[in-house]
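Visitor: These protein sequence lines map, in sequence, to chains A and B.
Just so we're aligned: 226 in numbering that gives the first Met the number 0 is position 227 of the first sequence, and the numbers increase by one with no gaps anywhere.
Just so we're aligned: 10 in numbering that gives the first Met the number 0 is position 11 of the second sequence, and the numbers increase by one with no gaps anywhere.
For the record, the hints were derived by calculation from the structure and aren't laboratory data.
Any given hint could be a false lead.
Here are the simulated SDA-like cross-link-like pairs (lysine to any residue), alpha carbons at most 25 Å apart as the crow flies [to be verified]:
1) B:170 with B:182
2) A:106 with B:192
3) A:106 with B:91
4) B:170 with B:137
5) A:108 with B:168
6) A:106 with B:211
7) B:20 with B:224
8) B:73 with A:107
9) B:29 with B:128
Note that this is a predicted model, so its numbers are computed, not measured.
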Amino acid sequence: MSGLSVRTATLLALALIVVLAPVLFPSSFYYRVGALIFVNGLATMGLVILVGYAGQVSLGHAGFVGIGAYACALGPVYLGLPQILCVVLGAAISALLAFLVGRPILKLKAHYLAVATLGLGILIYMVIYNEGWLTGGPDGMDVQPLGVRELLKDYGIKVGSSELWYWISGVVLLVGAFVALNLHNSPAGRALRSLHDSEVAASTIGIDVARMKLTAFVISSVYASVAGSQVALMNRFVTPDVAGFIHSVELLTMAVLGGAASVMGAVVGATILTALPQVLTVFEDFEHVLLGLIMMLVMIFLREGLVPSLARRMRRSVS
Amino acid sequence: MTILEVEGLGIDFGGLTAVGKVSFSVDRGKIVSVIGPNGAGKTTLFNMISGIYLPTRGCVRLEGRDITGVASHKLAAMGMSRTFQNLMVFQQMTVLQNVMAGRHLTEGVHVLPDLLGLPGSRRRNRESEREAQRLLELVGLARGARREASELSYGGLKRLEIARALATQPKLLLLDEPAAGCNAVETQEIDKLISDIAETGVSILLVEHDMKLVMKISGHVVVMDQGEKISEGRPEVVAHDPRVIEAYLGTEAEGAKTHASG
Numbered sequence: 000m001s002g003l004s005v006r007t008a009t010l011l012a013l014a015l016i017v018v019l020a021p022v023l024f025p026s027s028f029y030y031r032v033g034a035l036i037f038v039n040g041l042a043t044m045g046l047v048i049l050v051g052y053a054g055q056v057s058l059g060h061a062g063f064v065g066i067g068a069y070a071c072a073l074g075p076v077y078l079g080l081p082q083i084l085c086v087v088l089g090a091a092i093s094a095l096l097a098f099l100v101g102r103p104i105l106k107l108k109a110h111y112l113a114v115a116t117l118g119l120g121i122l123i124y125m126v127i128y129n130e131g132w133l134t135g136g137p138d139g140m141d142v143q144p145l146g147v148r149e150l151l152k153d154y155g156i157k158v159g160s161s162e163l164w165y166w167i168s169g170v171v172l173l174v175g176a177f178v179a180l181n182l183h184n185s186p187a188g189r190a191l192r193s194l195h196d197s198e199v200a201a202s203t204i205g206i207d208v209a210r211m212k213l214t215a216f217v218i219s220s221v222y223a224s225v226a227g228s229q230v231a232l233m234n235r236f237v238t239p240d241v242a243g244f245i246h247s248v249e250l251l252t253m254a255v256l257g258g259a260a261s262v263m264g265a266v267v268g269a270t271i272l273t274a275l276p277q278v279l280t281v282f283e284d285f286e287h288v289l290l291g292l293i294m295m296l297v298m299i300f301l302r303e304g305l306v307p308s309l310a311r312r313m314r315r316s317v318s
Numbered sequence: 000m001t002i003l004e005v006e007g008l009g010i011d012f013g014g015l016t017a018v019g020k021v022s023f024s025v026d027r028g029k030i031v032s033v034i035g036p037n038g039a040g041k042t043t044l045f046n047m048i049s050g051i052y053l054p055t056r057g058c059v060r061l062e063g064r065d066i067t068g069v070a071s072h073k074l075a076a077m078g079m080s081r082t083f084q085n086l087m088v089f090q091q092m093t094v095l096q097n098v099m100a101g102r103h104l105t106e107g108v109h110v111l112p113d114l115l116g117l118p119g120s121r122r123r124n125r126e127s128e129r130e131a132q133r134l135l136e137l138v139g140l141a142r143g144a145r146r147e148a149s150e151l152s153y154g155g156l157k158r159l160e161i162a163r164a165l166a167t168q169p170k171l172l173l174l175d176e177p178a179a180g181c182n183a184v185e186t187q188e189i190d191k192l193i194s195d196i197a198e199t200g201v202s203i204l205l206v207e208h209d210m211k212l213v214m215k216i217s218g219h220v221v222v223m224d225q226g227e228k229i230s231e232g233r234p235e236v237v238a239h240d241p242r243v244i245e246a247y248l249g250t251e252a253e254g255a256k257t258h259a260s261g
């Protein structure tokens, strides 16, 4: 392909989607769905770096989403921090935890790693669920607002919450995509991607396999944490489910469905798993059957995921 | 001046001796070949030298430093790189990116600038790209550098692995059967490529079962059979050693002898 690099093309396409999609929105409910897609897309992009670039798996990534979410729930109450700092604090805690836990568990491979990360996710979930005195336990807790709407009101601008979060999450998604795309063909990115195909070959060209795996794990935990903070701030309420196992599986499914190594795929995967259930409600009882069927068909016929498989077909038909 | 010394190196797998006690050395800028029939322990020996297996006994010295049991990625930093018999190319990258990945040690790890796409990151990328292009020209893959690595022919993949290993700027290059699975023309090209590389001052240790290739380009040949070194010396001497003819060449001795001298 000539002219546009994948990086520029992806960023342009995403920016256009974020800006133009609202033209089609008949009500503010759609802004909310859009914001949810962007937030899920961001967390999924973290998994694209971990799973798609570095070839490592995590079944516990919602744990980091939970840390980001509860940082915004607890930070203002217990530390008196403004929300924007709570987002940073959540990301820092997630990164630190990923760094400490990643060291021993990333020595494991494939299904062993899957089970170990699953354990990490469940551990975080259980702490949130059981420490009711701090987190409100299964009842969840309220989250103080970010304060942007009040700020805008002072300037005489009135925005609905859904609309505001659509734009915030859209911009954060673009920043996340920018970072992930920068990484892709950078020196550090190539070192990460070399692990995907052969750790032995990577080590013979001087790549410290353990260190690069840990790097991917830490980066992806920050993506998940920032996504979690946004969910909490948008909903103004959190429950432990945000860190739950089902959510971890959803995120991983989004990444694989869209194309685990593709930044655009993360958004496509997030769109399908977030929006399709809404669309499929017209089929009522068959909703989940259809969703499952679509997922299976994609994996059978487009194994690399939607975006990479379709891109390959388009390139073939062009040349 | 020797660059690599292997002394009494051996490994047991669960009581089974795969390699007994093998000693030899590689002189700077020379091509040394390890040959032997299938199952002689050549690749196992290679895996011990390159830090993938931990040897049970003996030691390996690179430029006089004991490197026995040192991890692969540290060996690369000390100036040793290798290729693999069963190819280990990064399939998800382009041809060019594969070679650029080999520049990891020169590039260093600067995660934050890379994430943010800062000028320093882009500069290191440009330098790596230039050097990778030069190496691809050397191995004859400059055309189609931006294709997916998986689209290359078998011979192309072999040369890509050599380019990637060279990108680490090795003093010693270990090549594991570089001509295996290649046709006569490809073998001849690889033959010339290896000689060219040696001429730039890189020492080469080669495992190969293609006698023709080995005899033509090596200055020194080590012959292995059943985990032991059975002979070594100049290629024409080794080719006429009765122990080698018996162990390696077996009943095809006559045919192989003409093969070796031809």
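Visitor: Are there hints from earlier that the structure breaks, and if so, what are their numbers?
Guide: 1, 2, 5, 6 and 9
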